[in-house]
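Colleague: Line by line, the protein sequences are chains R and L. Read in order, the letters of the first sequence correspond to residues 1327 to 1439 in the working numbering. Read in order, the letters of the second sequence correspond to residues -1 to 364 in the working numbering.
Since the hints were derived computationally from the structure, they do not count as laboratory data. A quick note: this is a predicted structure, and the numbers were derived from the prediction, not measured. Glycine is no exception: its CB is placed at the ideal position from the N, C-alpha and C atoms. All the given hints hold, so there is nothing to weed out.
Some but not every residue of chain R turned toward chain L, in silico, with C-beta under 10 Å: (1) E1357; (2) K1360; (3) L1381; (4) Y1382; (5) G1392.
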Amino acid sequence: MKKRIRSQIARGSAELAILALLAEQALYGFEISKQIEERTEGALHFTLASLYPMLYDLEKRGWIKGRWEANTAGRDRRYYFLTAAGKKQLEPLRQEWSFFFRALDRLAGVTHA
Amino acid sequence: MPDWKALVLERLERLGLSPAQEEEIVSELASHLEDCYEECRTQGVDKSEAIERSLEQVASWPNLSRKIQRAKRKEEVMNYRTRTLWLPGLICMALSAGWMFLLQRTLAPGQGPWQHAGLPLSLYLLWLATLPVFAAISACLSKRQGGEQLSRIAASLFLPLVMSGFWIAVTIYVAIRVDGRPVQWANIFLTALNWVVLPSLALLFGALPFLGVRRSIAGKEVMNYRTKTLWLPGLISLAAAMIVSTISTRVGLQPQFLARGLSNAVVYLGWLLPLPFCGAIGAFLSRRAGGQRLARLAAGLFPAIAMVVLVGFLMLICQIVLAKPQGFNLIRGLFFGLVLPGVALWLGTIPFLIASRSGSMRSVSS
Chain R
1327 MKKRIRSQIA RGSAELAILA LLAEQALYGF EISKQIEERT EGALHFTLAS LYPMLYDLEK
1387 RGWIKGRWEA NTAGRDRRYY FLTAAGKKQL EPLRQEWSFF FRALDRLAGV THA
Chain L
-1 MPDWKALVLE RLERLGLSPA QEEEIVSELA SHLEDCYEEC RTQGVDKSEA IERSLEQVAS
59 WPNLSRKIQR AKRKEEVMNY RTRTLWLPGL ICMALSAGWM FLLQRTLAPG QGPWQHAGLP
119 LSLYLLWLAT LPVFAAISAC LSKRQGGEQL SRIAASLFLP LVMSGFWIAV TIYVAIRVDG
179 RPVQWANIFL TALNWVVLPS LALLFGALPF LGVRRSIAGK EVMNYRTKTL WLPGLISLAA
239 AMIVSTISTR VGLQPQFLAR GLSNAVVYLG WLLPLPFCGA IGAFLSRRAG GQRLARLAAG
299 LFPAIAMVVL VGFLMLICQI VLAKPQGFNL IRGLFFGLVL PGVALWLGTI PFLIASRSGS
359 MRSVSS
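Using the sequences and the hints given, assemble the complete structure.
Modeller: Below you can see the structure in the form of structure tokens.
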């Protein structure tokens, strides 16, 4: 069942979602939002207004880097890459979230709810 | 297909970033909206509905602008008000005060007021005429930092604002503590005129091109039509004329010319002869920006027009307040101070009035 998560968890997990996605391949903004929506079956949804401030913030922190490149259709897009600093950041973030969900599972049995 | 960049530009507020950065952000957001639109279209949504759905990606553009601004800006050394008001204002005040100090130091008191063909052109007048440049710098700095229109005005008028505070204090002091004789009130009035009213007008004049501008994005309209074809070329022409005047005065007041009684001639001719080039600069810039013939002429004659306004006002003050009839001196002054320079400036504009280019048509921004 598609159900949007509208909470602090969604906002907090957005960074992880973007970093994890970019760890696989470089993507431009629209692709990032589409892939997140598809792979979370609509649970996480980024609009333009929520995506770009976050991308710019991650870029400012040096975790990702944007670069203009032409896509397959020949149009210029700003592709985002995960930087070395971003890669370093990703693993601890994964562990933090994993730890968080395990704790929540122990407490309320939510993982397989 | 809608012009997504134009749509984003219309909605996104000024970010206070460099034009290149803003251009990049606008392009990226426009590209995202275009993708949304194309996706809707492939799903069979009609054009207007697709545009509407794409724009629904942003519930509040001002909110998005603020978020992007926060995310993009580097760690701030100064807060918003300091960047857009205090710093540009202080720079303007420092430049104005420094320039006045420099004039006072370099031009001995005995050498002024100088005679520009009968027209008294005092040190004060030279200072006043240069103020628009300082105000333009200040307003430009404030605007670049994302300053609102009010901040830009306040930053430009920093000096008279400070002086008006001082003037109000003096007025209250005179009213309460001193037996206010008419001459004292007249002095207070003249002080306000010289240090508050006239500098305010001059500064406001200089800030004008930076007050009504929508935004500054590379590749888009940076200034409105009148600013780029009249005010800016005119101000540059005026600044050039003032620089020439300063140089000619400096040269003319050298001891070798003073000793031979040639000072007036050197100062005046040294100013008059390069004036066609000043006029040419104004007309050329106006033409390059697509100015019509009248705008090019006005930009070229701008120094003379400014002098007409300023000198006319000062003459009026002299007539009313000081009650000194000018008579022949006035006519002589107008001829040598306004008519001849006006002709010189006009001569400089001629090549740019005759030559007609396709670019002289008024450009319409999308």
